[in-house]
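Participant: Protein chains in written order, with our numbering: chain P, 1 to 383; chain E, 384 to 766.
Hints were generated in silico from the structure; no laboratory data involved. Do not take every clue at face value.
Covered stretches of chain P, as calculated for chain E (at least 3 residues, CB under 8 Å) [what the hints assert, rightly or not]:
no.: 1; region: 50–56
no.: 2; region: 126–134
no.: 3; region: 140–151
no.: 4; region: 202–210
no.: 5; region: 255–268
no.: 6; region: 273–283
no.: 7; region: 339–353
Even for Gly, the Cβ is constructed at its ideal location relative to N, Cα and C.
Number of protein chains: 2
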Amino acid sequence: MPRSHQAVFVPLSGERFRVVYRIRGSEDQAHAIARDICVEQTIEFPLELTPVGDLRDHIVGRIEELDRLDDSHWRVVISYAVETTGFELTQLLNVVFGNFSLKPGVRVEWLDLPPSLARGIDGPRFGCAGLRARLGAWRRPLLCTALKPMGLPIDRLADLAYSFARGGIDVIKDDHGLANQPFAPFDERVQRCADAVARANRETGLTCIYAPNVTAPGDAAVRHARYAKSAGAGGILISPGLAGLGVMSQLAADDGIDLPIFSHPSFLGSFITSPDQGIAPGVLFGQIARLAGADASIYPNYGGRFSLTREDCRAIAEAAAGPLAGLAPIFPVPGGGMTVERVPELLEFYGPEVILLIGGGLHQHGPDLTETCRDFRRLVERF
Amino acid sequence: MPRSHQAVFVPLSGERFRVVYRIRGSEDQAHAIARDICVEQTIEFPLELTPVGDLRDHIVGRIEELDRLDDSHWRVVISYAVETTGFELTQLLNVVFGNFSLKPGVRVEWLDLPPSLARGIDGPRFGCAGLRARLGAWRRPLLCTALKPMGLPIDRLADLAYSFARGGIDVIKDDHGLANQPFAPFDERVQRCADAVARANRETGLTCIYAPNVTAPGDAAVRHARYAKSAGAGGILISPGLAGLGVMSQLAADDGIDLPIFSHPSFLGSFITSPDQGIAPGVLFGQIARLAGADASIYPNYGGRFSLTREDCRAIAEAAAGPLAGLAPIFPVPGGGMTVERVPELLEFYGPEVILLIGGGLHQHGPDLTETCRDFRRLVERF
């Protein structure tokens, strides 16, 4: 039976996408690992039992380039037939890194995807331009903060939202730890915070949006997002590491939701904490978040409480904007221990196409939150 | 405004769950990191600005134990109020490791969860006993294989399914790379393979089940699972690292699906490839897969193509069976490069409460697949 495997019957287009991997090892090891990637990520089957023809020649990955980076690291480019992905997000990621995530010494460094992949991968609904249109802010960097801490009752969270909106913040997101806890149940919290922001907007004439955290298991995230829409929220926050990248993409594609999506990095850190394993931060927070429908991708900035480097952050910003299957560019959202004092440096580093997220740091800046937000906004408008 | 934060208004039950972390560093560093975990995983807010009372005393994590493991590693037990989880899977995982996944040097080693958490976390629908009842196999280890390679046309996949079922395999799963590609579209493939297995069952009198891969973005996974049910599939395969742990739990809770769930480790490897970061394999493939509704959890066995140790695999099997919020035990499913020759050793290691997964290895064993399956089954029945 297995010896008589036949070739695929549906002709392949010949179009391929390319993945850049960084491999640790000697030159011989790098070649062996590269060949292993080609098989493990596709047929996952003994090559000697695999029939010649389309299956072995086109379904199996193909080594396109293999270059030395240093004595123990190699850059290899492997191409795959676009049809292996079924033109859907989850299977694309499965081909890119599914089983090989379980083997040490290989990191995904870049995705080079043709527009044909976007046939079934919608990507961001708004992107930078769409989000700017919703906010009426065309050129300047955007301002974001978070409602926190977890444990505050709803009226205190709504008061905070009002203060932030009065001070000129563009996007007020829930802290990603605000879920549906008994001390601040989702529905009531979202309605009250959305109302508080709407009241502030009426008073200021500004267009601040509130983005509640809809992260929840399976279709509970969809229910939350629809409720958020009905309550007047102007965006949604989701942690795709918890809810699933595919769920985020479903929210982005849902015409009944039609809200900008802010992606949070919670639970995704293990992909990026080693230079010799996982997924490069630019790929994860730039390319993959974008493929999965984020309009803005939050990540821990260099020099904060977390461990990304300036180069990582540069790569994320570039990946958020660069060519990717014809999808719209999205915003990088550096956060994680940022302060008002660092705003000039951050603007210098990122330029205008950025959303600056300051959470706890706003509370530490001074006693009047609204005034602090106005300081934050002046720094950005001066840019 | 921030200085006037009030305590939570909803009284907490006082019940707490416990997480064991392994921390790398000096003793002083370990204490500092442990304190940081308590704050980062809950309020994520400057402690000095956090109001005294319930919020600071009960919402913030609490260090319960801190012990030396060796010169540079520490075991710390931190407890959290059960209410912080909102009694849902995604927020539980967010409290356990959400933001701290982004910091190096900390690994989740164990979850100690009280039954109250199962209020909103259903876990496995079948568990070991339910799956055994469906298969009518009460004591012996169970046999599993995979339809592969990706790229075969549907009639060849259906032929393989028939051969495996004739040979006495209990569970025939799709290879996790079979999605909805043009060379083997989901609906037709599932119907044809389910029919082939049903035909074999009529001939053998056995109760082999076919578990197609329903991994897909968002509710496409639900559609696939419902289609699988209607086509006569006896189980489903899903990669929660791609589709989302919450989506798997939704499938488990869906009375309209009501099929045993086989969880695949694709894309989850970055959590387990470092001893100093991520999530211990026992927690990820044992406890978390079980919390998220898997009835059987596939993982790369020691001595195969991947890198888990015997101790890791022992921990997974123990975590699949041990106390966990009152949830039913589930099956460990070691795979990834297993062979028929290794069956006696695997049975010695795991005992009867295991599903042995041999994929490509069945094809390498001999020219007649059905005979190979019979050899495989004889080895297991002799145990």
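Participant: All hints, please: hold or fail.
Facilitator: Okay, the hints, checked on the actual structure:
1. 50–56: Per the Cβ count (3), the hint holds.
2. 126–134: violated (count 0)
3. 140–151: Satisfied; 4 residues make the cut.
4. 202–210: violated (count 0)
5. 255–268: holds (count 4)
6. 273–283: Per the Cβ count (5), the hint holds.
7. 339–353: Result for this restraint: violated, n = 0.
Going down the numbered hints, you'll see the structure goes against 2, 4 and 7, while the others check out.
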